[in-house]
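Top line first, the protein sequences correspond to chains A and B. Quick note on this note's numbering: the first sequence kicks off at 2 and runs consecutively. Quick note on this note's numbering: the second sequence kicks off at 16 and runs consecutively.
Just so you know, the hints here were simulated from the structure itself, not pulled from any lab data. The beta carbon of each residue, even a glycine, is placed where N, CA and C say it ideally should be. Careful, some of the hints might be misleading.
[What the hints assert, rightly or not] Here are some of the chain A residues that sit facing chain B, going by a computed Cβ distance under 10 angstroms:
#1 Gly28
#2 Asn96
#3 Gln109
#4 Leu193
[Said to hold, decoys possible] EDC-like mimics (lysine to aspartate or glutamate), calculated; alpha carbons at most 20 angstroms apart, straight line:
#5 B:Lys266 to A:Glu238
#6 B:Lys165 to B:Asp178
#7 B:Lys189 to B:Asp20
#8 A:Lys107 to B:Glu107
#9 A:Lys107 to B:Glu85
#10 A:Lys61 to B:Glu107
#11 A:Lys6 to A:Glu133
#12 B:Lys130 to A:Asp74
#13 B:Lys63 to B:Glu30
#14 A:Lys110 to B:Glu264
#15 B:Lys114 to A:Asp145
#16 B:Lys130 to A:Glu8
#17 A:Lys242 to B:Asp263
#18 B:Lys165 to A:Glu155
#19 A:Lys177 to A:Glu155
#20 A:Lys110 to B:Glu85
#21 A:Lys180 to A:Glu234
#22 A:Lys242 to B:Glu107
#23 B:Lys147 to A:Asp154
#24 A:Lys242 to B:Glu95
#25 B:Lys210 to B:Glu30
#26 B:Lys273 to B:Asp261
#27 B:Lys266 to A:Asp142
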Amino acid sequence: MIELKREELLISQLADLLVNDKHIAVGAASPIPGAAALLAKEEAKLQNNRIRVTILHSNKYNNFTDGARELFDCAAQGRIDTFFLGGVQIDGEANINLVGTGSYTKIQKRFPGSFGSALMYFVVPQIILFREEHSPRTLVDKVDFISAPGFSDENIYRPGGPKFLLTNRALFKFNKQKKRFCLLKIHNNESLENIIKLTGFKFDVDDKITNMSIPNKTRIDILRNKISYMVSEFYPEFADKIWGV
Amino acid sequence: MKQFDELSLLEIVDEVKDGDLIGIPADYSGVPMMFTKELIKKGVKDLKLYCLPLTTIQGDMLIGSGCVSEIEAAAVTLGEFGLAPRFSEAVEAGHILIKDSTCPALHAQLQATEKSVPFMPLRGVIGSDIQKYRKDWQVIENPMKCSGHKNEQILLLPAVQLDVLIFHAPCVDKNGNIQIGRRRELATLTHASKKVFVTTEQILDIDFFDNELSAATCLPALYVDGISVVENGAWPCALPGVYGQDNDEIKKYSIAAKTQKGFEEYMQNYLFN
């Protein structure tokens with residue numbers, strides 16, 4: 002059996018969620034989603050399918066020529082199927098916080114800021130929330146600051162929103178009607194009890210809950226022999242750390 | 016007569032006044048680091064940074080050096096090298112005012128000025144705490160009968176005009192036209208700024224308008240108030256298509272700047288050696 006890095010499992014799990022996309026975009030500070038999108042694209046090629054991938058922080062894997070606003074215009078036009086967002090905190094109603102902890106006017110720990118989340122979350126049909134750390138301090142009952150809300154009132158234009166949440170321990174699906182996450186898959190070395198203990202919000206559990214799938218050899222080969230070098234163009238530190246390229 | 020004003024770097028620095036609203040390009044757009052160094056040495060005060068839409072080491076250094084009173088941005092970060100430490104500490108201590116925004120709003124406010132209209136609508140954002148704390152933003156019901164959705168709530172953003180903008184570009188032609196490639200957000204920033212100065216790696220003895228490809232990727236000289244040749248002017252940030260980011264240096268900064276003392280030692284060396 003091939004020894005896999007945790008990051009490779011997450012890349013593989015994310016790539017499984019991208020197979021039906023036509024255009025995937027990847028924003029700031031996202032080496033794992035970036036690798037997953039490129040992996041999905043390479044695998045689609047082998048199936049004679051076409052997925053377009055736009056990696057914002059890359060010069061090579063970036064389809065845009067009209068400046069940094071084009072991502073947001075393109076997304077608002079409905080031309081992006083999947084985008085990834087993270088969060089310092091994510092709560093049980095899928096509100097995300099990228100700004101900081103404590104009250105906003107007297108912030109305890111300040112983080113970078115909301116980036117484009119306050120538009121992208123509204124207009125991209127499949128938003129995948131990705132936060133590696135799975136703990137009561139990241140997955141909270143209520144976020145301290147809403148960078149972008151998990152759902153909106155009827156009179157707000159909102160074709161997009163959260164579909165999945167992936168951490169280094171589990172994969173959840175978001176139920177828009179119930180405004181609640183449902184646990185779909187857990188990491189092989191994980192127990193449901195531990196997930197419940199480490200999650201700061203209440204969630205449902207799918208009847209058919211499974212372990213996360215292990216990538217097959219073909220996928221691992223593509224990832225290590227091809228995607229790794231592509232990633233090194235835009236996330237050199239990450240590519241060096243994971244694959245030594 | 017020469018078709019543009021060639022200035023020294025210090026002449027450009029002198030164009031930035033205390034209290035100015037200054038345009039800050041993102042790390043992928045050509046960050047004028049050599050200029051920033053001289054600006055910090057001059058000891059400029061109370062700058063208001065308008066980031067399109069984010070800043071990295073440039074904003075963090077200006078904040079750590081006490082040059083900034085206010086910043087409007089969608090993010091301040093050192094990217095792969097973690098949080099921007101001087102920024103985070105200044106916000107936590109309440110030393111600077113942060114006007115939290117989101118990328119498309121920062122673009123739209125400048126686009127309003129490009130078109131010389133008083134405001135620009137934007138979808139999304141409503142219901143976030145970003146909107147809650149931005150008293151300069153307004154929500155209205157879509158007044159249009161023939162476009163958008165009936166009863167739709169929509170956000171209005173004020174037009175923002177910058178006092179001054181400085182960015183770094185790969186090259187300039189003999190008539191002062193600036194090569195910006197696909198970094199069109201530099202054109203947005205430029206159109207929305209009262210004064211624009213450019214530092215560049217080199218001035219070429221050609222005319223970009225002789226060729227369709229180079230004409231399409233240049234910013235016309237008519238918007239630019241002065242140009243200065245500064246080799247390696249974006250270091251340690253990247254200059255797209257010319258050189259990459261100096262990861263070792265940014266990493267070194269990210270470690271040193273974790274404390275104000277470490278930052279000051281780093282800056283002593285960075286500014287004067």
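For the pair we were handed, Lys266 of chain B and Glu238 of chain A, check the Cα-Cα distance against 20 angstroms. Within the cut-off at roughly 10 angstroms; holds.
Are the Cα atoms of Lys210 of chain B and Glu30 of chain B separated by 20 angstroms or less? Cα-Cα ~9 angstroms, so holds.
Take a quick look at whether Lys130 of chain B and Glu8 of chain A sit within 20 angstroms of each other, Cα to Cα. violated, 46 angstroms
Given a cut of 10 angstroms on the nearest C-beta pair, is the interface hint for Leu193 of chain A held or broken against chain B? Not OK, violated: Leu193 of chain A not within 10 angstroms of chain B, min 33 angstroms.
Decide if the proposed pair is consistent with the structure: Lys165 of chain B and Glu155 of chain A, CA atoms, cutoff 20 angstroms inclusive. holds, 11 angstroms
Keeping to a limit of 20 angstroms between CA atoms, is the pair of Lys110 of chain A and Glu85 of chain B held or broken? Distance of about 18 angstroms is within 20 angstroms: holds.
Pair hint outcome, Lys107 of chain A versus Glu107 of chain B [Cα-Cα no greater than 20 angstroms]: Judged against 20 angstroms, a Cα distance of about 7 angstroms means the pair holds.
Taking 20 angstroms as the top limit, are the C-alpha atoms of Lys110 of chain A and Glu264 of chain B close enough? violated, 25 angstroms
Sort out whether Asp263 of chain B lies within 20 angstroms of Lys242 of chain A, counting only the CA atoms. holds, 15 angstroms
Return the status of the interface hint for Asn96 of chain A: holds when the least beta-carbon distance to chain B is below 10 angstroms, violated otherwise. holds, 9 angstroms
Hint check: Lys180 of chain A vs Glu234 of chain A, CA-CA at most 20 angstroms. Holds or violated? violated, 39 angstroms
Is the Cα-Cα distance between Lys242 of chain A and Glu95 of chain B 20 angstroms or less? holds, 12 angstroms
Going through the hint list in order, the structure does not satisfy hints 4, 6, 10, 14, 16, 21, 22, 27.
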